[in-house]
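From just these sequences and the hints, can you work out the full model?
All letters in the sequence shown, in the order written, are residues 66 to 499 by our numbering.
No wet-lab data here; the hints were simulated from the structure. Quantities reported herein were computed from a predicted structural model and do not represent experimental measurements. All residues carry an ideal CB built from backbone N, CA and C; glycine is no exception. A portion of the hints provided could be inaccurate.
Unchecked claim - Think about it this way: if two alpha-carbon atoms lie no more than 20 Å apart in a straight line, the pair counts; the simulated SDA-like pairs of lysine to any residue are:
hint : residue 1 : residue 2
1    : Lys-372   : Gly-429
2    : Lys-381   : Ser-407
3    : Lys-358   : Lys-486
4    : Lys-455   : Arg-294
5    : Lys-378   : Thr-348
6    : Lys-378   : Pro-449
7    : Lys-358   : Pro-385
8    : Lys-378   : Gly-419
9    : Lys-499   : Arg-180
10   : Lys-381   : Asn-424
11   : Lys-372   : Gly-433
12   : Lys-455   : Arg-333
13   : Lys-200   : Pro-221
Unchecked claim - Here are the in silico distance ranges between beta carbons for each label pair:
hint : residue 1 : residue 2 : range
14   : Pro-91    : Asn-273   : 50 to 60 Å
15   : Gln-133   : Ser-262   : 52 to 62 Å
16   : Asp-107   : Ile-384   : 25 to 35 Å
17   : Asp-125   : Gly-419   : 45 to 55 Å
18   : Pro-274   : Arg-163   : 26 to 36 Å
19   : Pro-91    : Arg-163   : 19 to 29 Å
20   : Ser-110   : Asn-328   : 39 to 49 Å
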Amino acid sequence: MKIILIPAVALWLACTGCGHLNLEQPAIASWSIAVTESLEIDRGSWPIVARVRLPADIDDPLFVLRRQGRRAPVAHQLLAVVEPDVTRRANASEADDRLVDVCFFADLRAGARRRFDLDLVAESRQAPPGAPALKYRGARFGTTVDTGPVEFAFDPVSGQLLSYVPQQNGRGGELGFVQHRRIPIHWNPDVWAPPASWGHASDWNSSNPERTPDFSESRGPLAYRSVRRGLMPSSNGTLTEISYTVFAGMPFILESSRMEFTNDTDVRAVRHNELVFNRGIHTHGIWPDAAGKPQLGRLFDPQDPRKIYGNIKLLKADIPWIGLVHPREGYGIVIVNNWYGSSAPEGSAGPHDGDAVYNLFDYGEHAGENFHFNFSYVCRSLLPPVTVVKGSVFGERSAFLTFSVGLDGDGRYDRLLRWTKLLGNLPVVEVTAK
Numbered sequence: 066m067k068i069i070l071i072p073a074v075a076l077w078l079a080c081t082g083c084g085h086l087n088l089e090q091p092a093i094a095s096w097s098i099a100v101t102e103s104l105e106i107d108r109g110s111w112p113i114v115a116r117v118r119l120p121a122d123i124d125d126p127l128f129v130l131r132r133q134g135r136r137a138p139v140a141h142q143l144l145a146v147v148e149p150d151v152t153r154r155a156n157a158s159e160a161d162d163r164l165v166d167v168c169f170f171a172d173l174r175a176g177a178r179r180r181f182d183l184d185l186v187a188e189s190r191q192a193p194p195g196a197p198a199l200k201y202r203g204a205r206f207g208t209t210v211d212t213g214p215v216e217f218a219f220d221p222v223s224g225q226l227l228s229y230v231p232q233q234n235g236r237g238g239e240l241g242f243v244q245h246r247r248i249p250i251h252w253n254p255d256v257w258a259p260p261a262s263w264g265h266a267s268d269w270n271s272s273n274p275e276r277t278p279d280f281s282e283s284r285g286p287l288a289y290r291s292v293r294r295g296l297m298p299s300s301n302g303t304l305t306e307i308s309y310t311v312f313a314g315m316p317f318i319l320e321s322s323r324m325e326f327t328n329d330t331d332v333r334a335v336r337h338n339e340l341v342f343n344r345g346i347h348t349h350g351i352w353p354d355a356a357g358k359p360q361l362g363r364l365f366d367p368q369d370p371r372k373i374y375g376n377i378k379l380l381k382a383d384i385p386w387i388g389l390v391h392p393r394e395g396y397g398i399v400i401v402n403n404w405y406g407s408s409a410p411e412g413s414a415g416p417h418d419g420d421a422v423y424n425l426f427d428y429g430e431h432a433g434e435n436f437h438f439n440f441s442y443v444c445r446s447l448l449p450p451v452t453v454v455k456g457s458v459f460g461e462r463s464a465f466l467t468f469s470v471g472l473d474g475d476g477r478y479d480r481l482l483r484w485t486k487l488l489g490n491l492p493v494v495e496v497t498a499k
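This is the structure:
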């Protein structure tokens with residue numbers, strides 16, 4: 066019997082589906098799945114992933130999923146594109162192509178433990194998925210996905226997150242970043258290694274073969290995932306991976322990234338977890354104090370729009386969440402920090418996680434007729450100016466959470482606090498091969 070323990074930070078899949086199957090057929094392979102709630106609150110219906118290794122001769126897997134002791138099948142969906150292991154060290158092998166993720170919702174109460182049986186079978190007939198379902202426009206790099214609570218668009222040039230449209234309090238406008246054109250709100254990972262210009266993952270260019278990363282996706286009514294992998298432009302050969310996963314009915318993107326330096330590189334900066342918007346789209350930065358209470362710092366004043374606030378706050382890199390908000394308009398976006406880390410070859414000084422900090426910044430270096438090019442952003446800076454040795458790796462896992470702000474009062478950020486608590490304390494999933 067083999068037991069696979071999936072770390073909570075990896076449990077980032079939400080799927081609903083509906084299967085109508087021949088329940089009498091013998092199973093080709095079987096697994097038992099145990100889901101344990103990590104919080105002493107009722108989570109409700111929550112996305113779960115069971116990662117399984119397929120037998121060697123199975124290329125088009127079909128599954129039956131049931132609550133243990135029950136006959137009726139549980140709605141589920143297969144995601145064949147697996148999120149990269151961003152914790153692996155340099156030159157480690159990539160994801161096993163025999164691994165797949167089976168996704169479903171579990172209704173979790175405080176301290177609950179739910180058990181499920183998963184059977185790989187020869188035949189199945191899928192019924193239409195239940196609501197809610199994802200809605201799509203565009204294709205590949207330029208996909209737009211409407212989850213219900215929020216619409217996320219991805220840049221057709223680079224594949225990076227391009228914009229979001231909050232819909233929790235009624236459909237709002239598109240929130241993004243425009244200079245000469247619409248450009249991504251998620252710029253990095255990035256590397257600044259002068260004399261080269263600053264290199265970002267958002268510099269990938271699907272119209273230029275030399276700047277086009279490898280691209281794979283899983284697309285369906287219930288879940289969408291894209292994974293890109295390639296050399297970051299202007300980074301002295303830094304191998305970069307980014308994954309996004311979006312789910313029906315959910316107000317967040319699950320994101321992960323990894324940078325692997327393939328050469329010794331003199332850097333002025335190495336960063337990830339940057340979200341950037343035109344000034345005024347969000348008026349404040351937002352973060353929790355030591356007691357978890359939301360704190361605000363002004364980034365933009367509608368009454369004095371040319372006033373630049375600069376670096377409004379420097380915060381610890383392991384802060385539970387941090388982001389941008391427009392309290393008066395009632396929307397915001399935060400980064401929930403599930404994990405980040407680095408590694409270096411043995412015997413080298415290597416990167417140190419203690420060097421990392423978060424910045425909330427109102428940038429104002431554009432002047433004159435280009436003043437409107439200025440922007441506000443949040444970003445995690447990983448290193449001071451230093452030589453990064455070949456084989457150093459930087460990785461992170463996060464959730465980009467959109468949220469609505471309530472009316473004035475002590476509870477106006479209650480929805481934000483509930484979602485950040487849920488995303489920061491994920492259920493534990495154990496998969497046991499029978």
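Cross-check of the supplied hints:
Of the supplied pair hints, the one linking Lys-372 and Gly-429 holds, its CA atoms being roughly 9 Å apart against a limit of 20 Å. About 16 Å separates the Cα atoms of Lys-381 and Ser-407, which keeps this hinted pair within 20 Å; it holds. About 12 Å separates the Cα atoms of Lys-358 and Lys-486, which keeps this hinted pair within 20 Å; it holds. Our distance criterion of 20 Å between C-alpha atoms is met by Lys-455 and Arg-294, whose separation comes to about 18 Å.
Straight-line distance between C-alpha atoms of Lys-378 and Thr-348 comes to about 14 Å, which keeps the hinted pair within the 20 Å bound. The hinted pair formed by Lys-378 and Pro-449 meets the criterion: a straight-line CA distance of about 17 Å does not exceed 20 Å. Simply put, Lys-358 and Pro-385 have alpha-carbon atoms about 12 Å apart, close enough for the 20 Å limit, and the pair holds. Proximity of Lys-378 to Gly-419 is assessed by CA-CA distance (about 18 Å); at most 20 Å being required, the pair is judged to hold.
Annotation: proposed proximity of Lys-499 to Arg-180 holds, straight-line Cα distance about 14 Å (limit 20 Å). Of the pairs offered as hints, the one joining Lys-381 and Asn-424 holds, with about 9 Å between alpha carbons and a cut-off of 20 Å not exceeded. For a cut-off of 20 Å, the pair hint linking Lys-372 to Gly-433 stands: about 14 Å separates their Cα positions. Of the pairs offered as hints, the one joining Lys-455 and Arg-333 holds, with about 16 Å between alpha carbons and a cut-off of 20 Å not exceeded.
A threshold of 20 Å between alpha carbons decides the hint, and for Lys-200 with Pro-221 the separation of about 17 Å falls inside it, so the pair holds. At roughly 51 Å, the beta carbons of Pro-91 and Asn-273 sit within the given window of 50 to 60 Å. For the hinted restraint 52 to 62 Å between Gln-133 and Ser-262, the CB-CB distance of approximately 56 Å keeps it satisfied. Separated by about 26 Å at the C-beta atoms, Asp-107 and Ile-384 satisfy the suggested range of 25 to 35 Å.
Checking the proposed 45 to 55 Å range against Asp-125 and Gly-419 shows it holds: the Cβ atoms sit about 48 Å from each other. As the Cβ distance of Pro-274 to Arg-163 is approximately 30 Å, the hint placing it in 26 to 36 Å holds. Distance hint check for Pro-91 and Arg-163: the Cβ-Cβ separation is about 21 Å, which falls inside the suggested range of 19 to 29 Å. For Ser-110 and Asn-328, the Cβ-Cβ distance of about 47 Å falls inside the hinted range of 39 to 49 Å, so the restraint holds.
Taken one by one, the earlier hints all hold for this structure without exception.
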